[in-house]
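One line per chain: the protein sequences are U and E, in this order. Counted the way our numbering counts, the first sequence spans residues 2 to 280. Counted the way our numbering counts, the second sequence spans residues 3 to 322.
Hint data in this document are derived by calculation from the structure and do not stem from the laboratory. You may find that some hints are simply not true.
To be verified - Derived contacts from chain U toward chain E, CB cut-off under 10 Å, selection only:
1. Glu99
2. Met174
3. Ser180
4. Gly182
Stated by the list, open to error - No more than 20 Å apart at the CA atoms, straight line, and that leaves these computed lysine to any residue pairs for SDA-like:
5. Lys105(E) x Leu186(U)
6. Lys144(U) x Pro195(U)
7. Lys102(E) x Glu176(U)
8. Lys102(E) x Pro195(U)
9. Lys102(E) x Leu186(U)
10. Lys105(E) x Leu137(U)
11. Lys102(E) x Gly182(U)
12. Lys102(E) x Leu70(U)
In this text the structure is predicted, and so the values were computed from the model without any measurement. Every residue, glycine too, gets a C-beta built ideally from N, C-alpha and C.
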Amino acid sequence: MTSAPIAAPVPRRGAIPRLGGQALTRGLVVAYLSVLVLLPIAALVATSLDDGLGRFWDAVTIPQAVAALRLTVLVSLAVAAINAVAGTVIAWVLVRDEFPGKRVVNSLIDLPFAMPTIVAGLTLLALYGDNGVLGLSGVSFTKLGVALALLFVTLPFVIRAVQPTLIELDRDMEEAAASLGARPLTVFWRIVLPNLAPAIIAGATLAFARAVGEFGSLILISGNIPFETEVASVFIFSLIESGGINSAAAVSVVLLTISVAILFLFHLVSRWSVRHDAA
Amino acid sequence: MSISVVDVTKRFGDFTALDGVSLEVPDGSLTALLGPSGSGKSTLLRVIAGLERPQGGRVVMNGRDVTDVPVQERGVGFCFQHYAAFKHQTVHGNIAFGLKIRKRPKDEIDARVAELLALVQLEGFADRYPAQLSGGQRQRMALARALAVEPEVLLLDEPFGALDATVRKQLRQWLRRLHDEVHVTTIFVTHDQEEAMDVAEQIVVMNHARIEQAGTPRQLYDEPANEFVMGFVGEVNRIGDQLVRPHDIEILLEPDGRAQEGQIERVAHLGFEVRVDLLLDDGRTLAVQTTSADAEQRELEAGQIVYLRPDRARRFSAQR
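Looking at chain U on its own, in the form it has when it is part of the complex:
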């Protein structure tokens, strides 16, 4: 890693024939992505415009839709931010500390991925619900409950993104900084964190994307109270159930657009954080 030469573009190896030739591989990629991503989105946009632009606008500007979209985006951003911090700390502990049961803890991290999200919702309700084990009130059917469910299902992203980077991190850098007078906190802040930033951002991006689309774990614990705890995915589902398929598509298109815009912003930040890697 440290002895790598100046980053160069991948050389074109004219002499070695590629598998199937360039045109074929590109064609396959485009076809695959079209079937899985582009065509469905096109169909969604078409459905959303079935009743005309006016109806589209009405569907996405009714207060309940705006409230659901706003809640989804804001809570997802908050959840991504919280798990960026917590995930980095957990990854740090898992990589740098030795403690009994470390492997068990490490394998537990993936549990939110392995569990059907409806089960996750049920678990949270059983624990934090008004009649739950802890006997708490004020968690289920509140925004806090929504955030909690999303924090749970997005937990692994940042941890799993940061762990390999932290393992590969050049420890000499930290010792060099210490020999130049930097205290442990300064070393973390000025040396470790900047080098982890791309991984943290990548994990947070995935966490955000997942949170925006989350449905299963929220449907139980959020209570789906309009203007309160109703997230976009649940709102869209309720529209479909009441026969408003075109309105549902319209809200979906807006949600998709906002998400793509935010993901692009994440991407820009990520590019900036690795500016030093490219020549």
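Start from chain U and add chain E according to the hints.
Using the frame of chain U, we list chain E on its own:
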């Protein structure tokens, strides 16, 4: 700053890296820690730096016991084999790091960085990132970074080990000149005896967690304390229980009472010098060094029977 290492012991689990090591490094000197890998030389350097805490013994700098002083406060500059460049920071940012930690004013930092860039011949590279530098440039940057905080001791852990042979030779000449200019007490670790002899004033030969011998390059070569040192600082032939350097064997064309008979297997022309590989009558092999002119004049060639007279052969008593 003078450094004394007194009876230092360092273990990693079951492995003993330093076994009661003591060493004196005079103020302003250039010392090499030389030894095979696993001999403890890097650990000794890291103990002096404060990057490792010894389980026993003391480290004394200028008369002050610094054994319990953390690396941040030892006033040492440390360079790593793989440079340890802060890859998210520019060359300027790297060199300025220690000064920024010390909260020096920006003008002063910029002036000092410019001065150091000139010293390590990296003018014009201030805004580059480490990924855009060659290995040799990165190591010079790392040296400038270490020197920025005006350390009283400069410690280099295999500084040229990751570089190719040409750059390595250039850099060691350059380090030698730098030391003449800056006069900071310098210790570097190497497993390359030629590098140690070329650069250092004092060489400390280490093996199996102990110091075998410390002395000038000349002393080590001419008066090795034991078989290990003799074998490590230069090539040797073994004749019976005696050790002799390849250039201390004379090749005779005619028998002479005590000279041993041998047959030339190969004459390798290495430029100025020629290495003659010989097979002795008892089946052992021997290498003799001579000059190209000598080999030519006496028409040494493979298959020839010659007679060998060792000069200055050494016999060491059983080790330790």
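Q: Report the numbers of all earlier hints that the structure fails to satisfy, in ascending order.
A: 1, 6, 10, 12
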